[in-house]
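Here is what each chain is made of, one letter per residue.
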Amino acid sequence: MYQYDSYDQAMVDARVEEFRDQARRRLEGKLTEDQFKPLRLMNGLYLQLHAYMLRVAVPYGTLNSLQMEALADIAEKYDRGYGHFTTRQNIQYNWIKLEDAADILADLSRVEMHAIQTSGNCIRNISSDHFAGAAADEVVDPRPYAELLRQWSSFHPEFTYLPRKFKIAVIASEKDRAAMRLHDIGIRIIRNDAGEIGAQFYVGGGMGRTPMIAPLVRDFVPLDQLITYAEACLRVYNRYGRRDNKYKARIKILVHELGAAEYTRQVEEEFAHMLSVGVEPPREELARIATYFADPAFVDGPKTLDRSDPDFALWVTRNTHRHKHDAYVSAVISLKPVGGIPGDATADQMRVVAKLARDYSFDELRVMHTQNLLLPHVRIADLHAVWSALDEAGLGAPNMDTIEDIIACPGLDYCSLANARSIPLAQRISERFAQAGRTELVGELKLKISGCINACGHHHAGHIGILGVDKKGTENYQLSLGGSEAEDVSLAKITGPGFDEDGVIAAVEKVTDVYLASRTDGERFLDTYRRIGMEPFKEALYG
Amino acid sequence: MKILTGNDLRSGAVTWWNGTGWSLFVDDAVDVGDEAEEILARETAARRVNVPYAIEATIDAAGHVRPAHIKDRVRALGPTVRRDLAVPTADKTGWDWVI
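Protein chains in written order, with my numbering: chain H, 1 to 543; chain E, 1001 to 1099.
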C-alpha cells in the first residue's frame, strides 16, 4: 500500500502543528466558536450531541496493521474504548476532548494518517471497491488512481471552498461494490474493445434529500488524462454550482438543472482548455504510486477446505469472496453481531484484526462502505484459523449481505443532525430475524437505515430502506423498497405512511413475508420486488 | 420551564445552566424564565460554553428535569444504545422518559 514520501509527511505534520495552535487559541478564549468552527471542521473535528467527534480518513478504505493498532490506541487512550466505521470507509470517534485533538492528530500522523478533508465543502476521502487489488473480476487495481486523485485533491487550492462537499469513488470492475453512481463523481476503469484501459466518468449522483443516479458523462477518458478530466468536471461545478442555496448546492443539482448533455458540453470545453494548460501529473508519478500497490508474494496452496464444521462452512459461504489467486480468498469481518451496533469495534477487536492481517493477509486491511472490515488476501489453507480467531473476538458473524448486515448511521443516539434513532432499529431487526431463523431463509437482502434526510445510512439504496423523521417530536420511520447501490443501481420508493419503532420492525417482517411467498427460484428480495412491483407489499402493509 | 444547555468547550460534554455555572447533570438545570437571552449572551461572550441555547423543559414531583424535545432528552442521558456510557443521574426512571 502507499507510503508517505517526505512531502506527504511534511504536509500532514505542518497541519497538525497549525491545528495545535488553533485549538490552543480557542481554549484560551482568543478565538470564538464562529471563528474556530471552520478550522476544526477542516481537521475532521465535529461537535455532536454528546461530545466532539473526530472523523479520520482511511484512503480508499485501505490500511495496514500498524495503522489499525494506532486507531485502537486512540480509541483506548482518548475515547471510550471503541470506534465507529462509516459508510465512507472512515472511522469516527464519538467522545473526543478538544484539548486532546491535536495530540490525536499527531499520533495519526506518525502512522501516515490524518483527518484532513473529512469535513467541509471540499473533496472528501476518495472511496473505492473494498476488494480492490484482490478481486478476480477487476480490470486493474483501482487504488493507484484513487491515490493519484487523493494527492491531487489534497489541499487543492481551487477546490477548498466548493459550493458543497464533494465525494469521488473509483472502481475497476463491472460489479459496483462502492455505490459508484451515487457519488458526485463515479469513476469506473474499463478496458475498451481495443484493449486500452481508460475511465468512464459518471457525474452528479448522490443521496441526501434529493437522491440522484449519476449519468454517464464520458465513456472513455485515457488514464493519462484522468486528473485533467476530473479537474474539468470540478471546474464547471465550482463555477456554476448553486452557492445561494445549501440544499441545491451539490453537483447533482447542477447536472440535473443544466441537463447531462449541457453539463457534458461545458466539461468537454473546459477539458480541451485544461489539456492545453497541462495539469496532468507526470506519468512517472503514477508509476511511482503504482509500485506501492504491486501484488504481494502470493504462493500456491490448497484450493479447497474442510467444511465439516457447519458454523465455519456457513461463514465461508457468506463472508468470503473470490480472489484473483485461486489459493486465496478475501474474508469479510462482520461488524454486525446480532443485536450489536453496526460499524462499532472495540480497541481490543481492532487489535485482533490487526494481528490477523499481519499474520494472514500480508499486513493489509480494508474498511468496507458496508461498515465491515476485510482481510483482502487470506490463504484458503489459513481460513479456519482466521475464522476461529474472529469468532473468539465476537467478529465471526456469518451475515454478509443478509438482513443482519444492516447499514445504519449513528442516528439520534450520537448525531446532532438526526431526527430519529437508527441503531436500535438495526439491533432489533437483526435480533428478530436471527432468533426466528429467518436470516438464511431470506438470503441476500440489503437493509439500510438513516436517521435523517442526509442519508448517511444509504436508505435510498436499500433493498429495504428506512428513514427516521421527526413527527411532532416523536420518532417516525418511512419505509422504502427497491433501492440498490450496486451495478443494478436504483432508488428506493416510499411505501406509504410511516410507522413508529415497533411498527416499522413489523413492517419489515411483513414485506419479507410477501417476498418469501412470491419469490421464484433464485430470486433475491430486490428481484422479486422488481418483478411484482410495489402493490403486493403496500397491500400487506396498509391493505 | 425554560432551561439553558450547551457543550463544554474543553470536553464537548453536554452541560446545563445551574444558575451560577454549567453542570453535567440535567437535574441541576434551573428555570431561567425571561433571562435566557441575557445569560446566553453573557456566557457566550465569556466563552465558558459552546453554542448554548434555551429549551423548554418540565420538572416532575421528585424534582427531575425533563427536556421537552427528544434530542435534548438523549443529550441529557447519553446514547440510548450505550447505557454503560450514560451520564450518571439520580433519576432512576431516566430511560423511561428519554424516548
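Watch out, some of these pointers could steer you wrong.
No more than 16 Å apart at the CA atoms, straight line, and that leaves these computed lysine to aspartate or glutamate pairs for EDC-like [said to hold, decoys possible]:
| id | chain 1 | residue 1 | chain 2 | residue 2 |
| --- | --- | --- | --- | --- |
| 1 | H | LYS324 | H | GLU444 |
| 2 | E | LYS1071 | H | ASP470 |
| 3 | H | LYS324 | H | ASP300 |
| 4 | H | LYS37 | E | ASP1031 |
| 5 | H | LYS30 | E | GLU1035 |
| 6 | H | LYS538 | H | ASP513 |
| 7 | H | LYS324 | H | ASP470 |
| 8 | H | LYS472 | E | ASP1008 |
| 9 | H | LYS97 | E | ASP1008 |
Facing chain E, according to a computed beta carbon distance under 8 Å, are these residues of chain H, among others [stated by the list, open to error]:
| id | residue |
| --- | --- |
| 10 | ILE96 |
| 11 | LEU98 |
| 12 | PRO310 |
| 13 | LEU314 |
| 14 | VAL316 |
| 15 | ARG318 |
| 16 | VAL338 |
| 17 | GLU475 |
Everything labelled a hint here was simulated from the structure, so no lab data went into it. We put the CB at the ideal spot given by N, CA and C, even for glycine.
Tested hints:
1. H:LYS324 with H:GLU444: Violated: H:LYS324 and H:GLU444 sit about 23 Å apart, past 16 Å.
2. E:LYS1071 with H:ASP470: Between E:LYS1071 and H:ASP470 the Cα gap is close to 10 Å, so the pair holds against 16 Å.
3. H:LYS324 with H:ASP300: Since the Cα atoms of H:LYS324 and H:ASP300 sit roughly 12 Å apart, the hinted pair holds (cutoff 16 Å).
4. H:LYS37 with E:ASP1031: violated, 29 Å
5. H:LYS30 with E:GLU1035: violated, 27 Å
6. H:LYS538 with H:ASP513: Roughly 12 Å separates the two Cα atoms, so the pair holds.
7. H:LYS324 with H:ASP470: violated, 47 Å
8. H:LYS472 with E:ASP1008: violated, 29 Å
9. H:LYS97 with E:ASP1008: holds, 9 Å
10. ILE96: With a minimum Cβ separation of about 7 Å from chain E (threshold 8 Å), the hint on H:ILE96 holds.
11. LEU98: H:LEU98 check passes; min Cβ-Cβ to chain E is 6 Å, inside 8 Å.
12. PRO310: Status violated, d = 31 Å.
13. LEU314: violated, 27 Å
14. VAL316: violated, 31 Å
15. ARG318: The hint is violated - H:ARG318 has no Cβ within 8 Å of chain E, the shortest such distance being about 25 Å.
16. VAL338: Since chain E brings no Cβ nearer than about 14 Å to H:VAL338, farther than 8 Å, the hint is violated.
17. GLU475: Status holds, d = 7 Å.
Checked against the numbered hints above, the structure violates hints 1, 4, 5, 7, 8, 12, 13, 14, 15, 16; every other hint is satisfied.
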